[in-house]
Structure formats: C-alpha cells, structure tokens
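Next come the chains, spelled out residue by residue.
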Amino acid sequence: MTNQYTFQTNLLHNKHKIDPATGAVSVPIQHASTFHQSDIDTFGKYDYARSGNPTREALEEVIAELEEGCRGFAFSSGMAAISTAFLLLSKDDHVVISEDVYGGTFRMVSTVLVRFGISHTFVDMTDLEAVKKAIRPNTKLFYVETPSNPTLKVTDIKAVAEIAKEHGALTFVDNTFLTPAHQKPLSLGADIVLHSATKFLSGHSDVIAGLAVVKDPALADKLYSLQNSFGAVLGVQDAWLVLRGLKTLHVRLEHSVKGAAKLADFFQEHPLINKVYYPGLPDHPQYEIQKAQAKSAGAVLSFDFINEDVFRTFVNNVEIPVFAVSLGAVESILSYPAKMSHAAMPESERTQRGITNSLLRLSVGLENPDDLIKDFSNALDVAKKTNLIHNRG
Amino acid sequence: MYKIDTKLAQIGNRSEQTTGTVNAPVYFSTAYRHKGIGQSTGFDYTRTGNPTRQILEQTIADLESGDQGYACSSGMAAIFTVLSLFQSGDEWIVSKDLYGGTYRLLEEGFNKWGLKSRYTNTSNVQNIEKEITPQTKAIFLETPTNPLMEQTDIAEVARIAKKHNVLLIVDNTFYTPLLQQPILQGADIVIHSATKYLGGHNDVLAGLIVAKGEKLCAEIAKFHNAAGAVLSPFDSWLLMRGMKTLSLRMERHESNAQMIVQFLENHDSIGDVLYPGIGGMVSFRVLDEAWVNPFLQNLNLICFAESLGGVESFITYPATQTHADIPEEIRNETGVDNRLLRFSVGIEDAQDIIDDLTKALATAKKEVIIND
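Read top to bottom, the protein sequences are chains A and B. Residues 1 to 393 (the numbering used here) are what the first sequence spells out, left to right. Residues 1001 to 1372 (the numbering used here) are what the second sequence spells out, left to right.
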C-alpha cells in the first residue's frame, strides 16, 4: 500500500486499517503484558509486552511508513525517545548539537550524558562553517532540531547529513515541529528522526508519547535492543490515542499552518512587537532553505515585545490561547520559553540564543485565525495604553 | 496511621475535592494552564507531574515508608532511572542470581558508558563486603532472587552499605510492601516491576521507585523528568485499580503456593522445590530435562508465558525466557539450569492447579518414553 497513495490518504489507509482477526477498523488495544507460548524452543511473535505489543507495533509500523524509514519505535515520552537514541553512543563519544535545542534535550545532554563520558559542542547549526569547526576526531553524532525551538532557526538537513557522513557520524533530526506531513528528514539524509508525539502527531493535549524512526536496519536493531533494555516504552492505551490523533494530522496541520502564516504577518506589522520568528516570512534568514526542504513553515511562531511591561500586559489580557507549556494541539498554546520549555537553561545561555524575558512562543491551534487576531489585537491595545501611561510617567 | 490493607483499599479516595469522587480521576491533559506568569498550580507539563500519577506515587511512597515515589513506564525503566544516578567509573555490587533484563541493561548498556557491575551471591553477606572497592557506589539486591528464591538479610547488607557509604537498592517486586519493606530495614531505594503483583492482572506494564532522603529524592526526580520514562495517566490509574486488591490476592497466592509446594515436594518427577515460605513464587526442577517441553505443552489451565504476579497461574522457563540473555555457563553455575521452572501461582482453586500439574507431568513422562 506504501507509495500508492498520497500522505493524506496513507494516514487513514495503512497496513493497520483493518484488524485481521475481527475486521475492526480501529486497532484493538491489547492490554496483555505477556503472551502464552506453545513451545519452549520456538516462541510466538510476542512474548512480553515491553519487547513487543501488537497495539504499540501498529503505531510503530505506521510512523515508520509515514517517515519513510525501515522501523519505528514508540516511547513513553519525547524525552524518552531522545534519551534512548542518545544512548546509542558510548563513553568518550562526542555530539555536535543545535545550540537552541529544546530545553529538555539541553538538560539531557549537558547533565546526564556528560556523566556517562559523552561530550558535546553546541553550535549554531545554520552556520555550516561553525558546524565543521565543532567536529572532533571522536564526533559520532550531529543532532539537529529544525525549525528550532523557540527561535525557529532552520538547519539545512541535507548539508549537515553530508558533513556527518564525511566523518562517519550519524545525524538525528527532531521533527516534532513539522511532522512527516511537512518534512521528511530521512529522505534528506538523516539516520534517525525523533518526535515528541505529544505535539502535532497526536494533537489533542491528551497523551505524552515519543517516536523514533530509523532508516538503516542494522541501526534499527541496535535501537530496538536499547528500547527493550531500558523499557521506556509507550503504554498501549497511549499508543492507540496517538494512532487516533494521526488520522487527522493532515487536516489539523494544514489549518494551523494557514493560521500561523496569518498571525506572523499580523505580529510583524504591529508596533509593539520587536521581532517575529517564523520561517514562512520572506525576511527570515533561512526562508529559502525552509521552502526547499519542507512543505510549509509550520504552525509555531515566536515573537518578542518591545519591552517586558508590554509583554506582561499582553499575557494578562489574552483570552483564547491556553497559557501553558507544550505545543501542537487543537487549542492554541502560548508559552513563555524563559520560564517554561527553557527554564533548565542558564539565563546567560538563554539570552545568547535570543530567548529573552519578553519572548513568547505561539502554537497555533484549530480556532478561526480571525478570532485569534481579534483577541491578540485587544490584548495589545491594552498594552499600548499601559505603555503610553508608563512613558508619560 | 492505617494498616496496609486499609491503605490499599483507600487508594485515590479523597484525592479530589471538587466532585467528591472516590475513584482517582484520570487526567489525560498533557499541559496545565497558568493564570499568569509564574502562577503554576503545581502542574505544568505531565511528564514532570500529572495529578493521576501523583496519587500513585504518593501511595507507593507511603506503602514503602519512603519519602518520594516515582512511576515509570516499565520495571526496566525504573531500574534504568535509578542506575542513571551514577557516573562513569562507578561500580555496583549486584545479586548474581538476577533478572535477565537487569543483567542485559548492566552488561549491554551501562558497561558501555564506563560503569561496572560485580556479581556475587548476596545471600551470604560476607560475599558483598569482599567485592567492595573504592569505586563501589551501590549495592543492588533482588530478594528473594529470581528465579532461585534465595533471601538476603536486608538489614545486615544495609549496615555494610552504611559502613562503606554506598547506596542500597532493593528490587521488591516478588514480595511487595505487603510482605517486605526494605526501607524500614535500611535500604535507600526500592524498585518494583509493578507489572507483577502490584498491578496483578497482566494488563499493564509499569515500574515504581521509592527513595528515602531529601537529596536522593531530588536527584531521582530530576532524572525521572529528564529521561522521561514516565508512566501514563491511564496506566497509573490501572495500576492503582490493581493495587486495591493486592492484599486479598497475595493472601490467596501464598496459600495456593504453600499447597502446591507440598504437592511438588511429594511428587516423584520433581527434584528440588525452591520456596522461601512466603509469597506466591515457587521454582522447581523436574528430574529429566526432556520432560520440560511436553510438560509445558500439556498444561491446560496454567499458562506458559513470561512474567509473573498475575491472577492467572504462569509457568516460565527461565533458561529460554527471562534469563535467555545470561550465558549458559553462568546460568548453570548459579543454578538457573535447563531443568528449572519458575511458577507464579495464581488465585485459581488450588486443587484445579494441582490437577493440571499432575496430568501434564504424567502425559509428559509418557510422551518421552514413547519417543525413546
């Protein structure tokens, strides 16, 4: 069935559209933690649910197909997927990693991996010369997040993967922001693609999940062994929820991307906004790269206010979006990276990466974009008045 | 302070004020709204903290008399989370008779990152002291061991651990806090594969950690959140649902196990019977290795499957299932040989279980004779 249909159709009509035993059109949830064996020498396909479960397997096969890899793996969170993939490395290995990587990944690399003797260098991945300069003889991995979080910098996946190959190193790409619907890192040369499936893939703010897809079967075997050893696997109920969310991925993302583009224009023209970060804006430094390697600029944008007072008034007056961590949901979510996703990062590191105390990240949901614009306009109007009073005072 | 069976029955009751629900609500929400900047309800992102998971975590901390509990996506994820407290160059002393998954994690995982495990028979406490080096940072015990059912004196090991300033970690999966509370005997950390007796229904994979001491608890919390191998809200709820009947189930597992031990000890096809006197786990050796496969195939009631601690009776063949990752010469040396079977006695009627064993053993012997 692969490649016969477009991505949108494949989301619904894949290998698991019908349960072979009953004809059910929704994958059954197999709660069994263990499976009866009929012979001591030859076991059935499933023995213990950590090692393999039919419901989780359905999700793993679906994501592998969507990302065009050979094998998929489902984990208990995006960080569990990322941590397990990192643990393919050994003591004395070195990682070159995007400097504005997600705060949780930053914490994993800088506080956990170092204790296992795995070192790292943070670089601006958009600067290929800087990437090359960071290489050491023991560099085994290039870790890319694109667009990056929260300043939406775009890395040329193909170029970094080529550098990695020249040095016999692997490339991992966190594809959470765009999903395979809009970007396919494996086809651009990456070896492993990682997801916080909590975000756009599931899309409903109701499940925590992580996914990994590997291109090469030998590397997939190694990752399988780690997934099974560490056991940070996804529960079956949750695997089913992700599968359910995936069915509407295409329509959700399409709507949210349109809204994000509209909002980016709105913020860019507003006098109280100092800077808008969105790779769909023609003045974004990597606008062309984004256009070449992805189908859209995504549904997440960040914007910085002219000062912290305006920012605070805005947050206190917006009504529609949820003010919370996370992104990629049916509800629009407004996040404060300095205190939320990037709280694990020291302030000096944050500011250097553009994550100021007045930066907000917006994940555009499924509301009507005009309602969002109206809400944001109102909040900015209040901020404008307060700001004028302040200036006079 | 209530007794443990009262605490178990009451899990999740009075956990929520708005509705008065007696059953813990399942909070699927991944994100929690902040009223304004810096105004968190205590919940931000569900990996870091989830109201449903929190009830489970507080419950297990209370049951194990620790300070803080942590729920993980599997027993192995719990062990992985705890072992990540250490760093390159550190050493652990570990029970030689050990669950195969833990062995694999130590040898194929942590060994690669420069952490070394020394294996010894921990039931003799002097063996442990002999293995201590300046690099030793923890002692990791399974008691009773899996599958040989050897018991270790936790209090005595705790004294050695304190003397040498190393952490004592105890896997309490087989006994649960109902039969053994390692922290009260001096352990620092308790680990569970909650998939087993705590969950009890073979329908949820889960791991739990309980720790004692403020600094240690904070360290584990950090890594629990950082590595993200957390238990989902639904699975947390399912586990609590199982735990409510733990006391009743364990009572029945144990009385059935005691009857079956008596039966096995008097059966002429059975060699050693390994049973510590309490709990629901029994290991035994058949006299002839050739009987193993036909015996397992002729069981009609008892299930031949990996795992343990569920309401249904399970027989596991450690040599090819749980301990397949341990090399055969090490298995033979420790006693996990090819005649050994591990029996997780269920809560069925004891006589029905005994009848199933009797028939399967008789048929197996007959089949082997015919084939010869």
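Keep in mind that the hints were calculated from the coordinates and are not lab data. Built from N, CA and C at the ideal position, the CB exists for glycine as well. A portion of the hints provided could be inaccurate.
[Claimed, not checked] With a straight-line cut-off of 20 Å between C-alpha atoms, the simulated EDC-like cross-links for lysine to aspartate or glutamate are:
id	chain 1	residue 1	chain 2	residue 2
1	A	Lys222	B	Asp1325
2	B	Lys1035	A	Asp39
3	B	Lys1116	A	Glu331
4	A	Lys339	B	Asp1325
5	B	Lys1035	A	Asp41
6	B	Lys1222	B	Glu1108
7	A	Lys91	B	Glu1091
8	A	Lys140	B	Glu1108
9	B	Lys1365	A	Asp41
10	B	Lys1035	A	Glu319
11	A	Lys222	B	Asp1044
12	A	Lys91	B	Glu1367
13	B	Lys1366	A	Asp39
14	B	Lys1112	A	Asp39
15	B	Lys1365	A	Asp39
16	B	Lys1359	A	Asp39
17	A	Lys45	B	Asp1044
[What the hints assert, rightly or not] If you want the footprint, here are the derived chain A segments under chain B, 3+ residues with CB under 8 Å:
id	stretch
18	14-22
19	83-90
20	272-278
The hints, checked one at a time:
{"no.": "1", "hint": "A:Lys222 to B:Asp1325", "result": "holds (15 Å)"}
{"no.": "2", "hint": "B:Lys1035 to A:Asp39", "result": "violated (59 Å)"}
{"no.": "3", "hint": "B:Lys1116 to A:Glu331", "result": "violated (48 Å)"}
{"no.": "4", "hint": "A:Lys339 to B:Asp1325", "result": "violated (45 Å)"}
{"no.": "5", "hint": "B:Lys1035 to A:Asp41", "result": "violated (59 Å)"}
{"no.": "6", "hint": "B:Lys1222 to B:Glu1108", "result": "violated (24 Å)"}
{"no.": "7", "hint": "A:Lys91 to B:Glu1091", "result": "holds (15 Å)"}
{"no.": "8", "hint": "A:Lys140 to B:Glu1108", "result": "holds (19 Å)"}
{"no.": "9", "hint": "B:Lys1365 to A:Asp41", "result": "holds (18 Å)"}
{"no.": "10", "hint": "B:Lys1035 to A:Glu319", "result": "holds (11 Å)"}
{"no.": "11", "hint": "A:Lys222 to B:Asp1044", "result": "violated (34 Å)"}
{"no.": "12", "hint": "A:Lys91 to B:Glu1367", "result": "violated (53 Å)"}
{"no.": "13", "hint": "B:Lys1366 to A:Asp39", "result": "holds (18 Å)"}
{"no.": "14", "hint": "B:Lys1112 to A:Asp39", "result": "violated (34 Å)"}
{"no.": "15", "hint": "B:Lys1365 to A:Asp39", "result": "holds (17 Å)"}
{"no.": "16", "hint": "B:Lys1359 to A:Asp39", "result": "holds (18 Å)"}
{"no.": "17", "hint": "A:Lys45 to B:Asp1044", "result": "violated (39 Å)"}
{"no.": "18", "hint": "14-22", "result": "violated (count 0)"}
{"no.": "19", "hint": "83-90", "result": "holds (count 3)"}
{"no.": "20", "hint": "272-278", "result": "violated (count 0)"}
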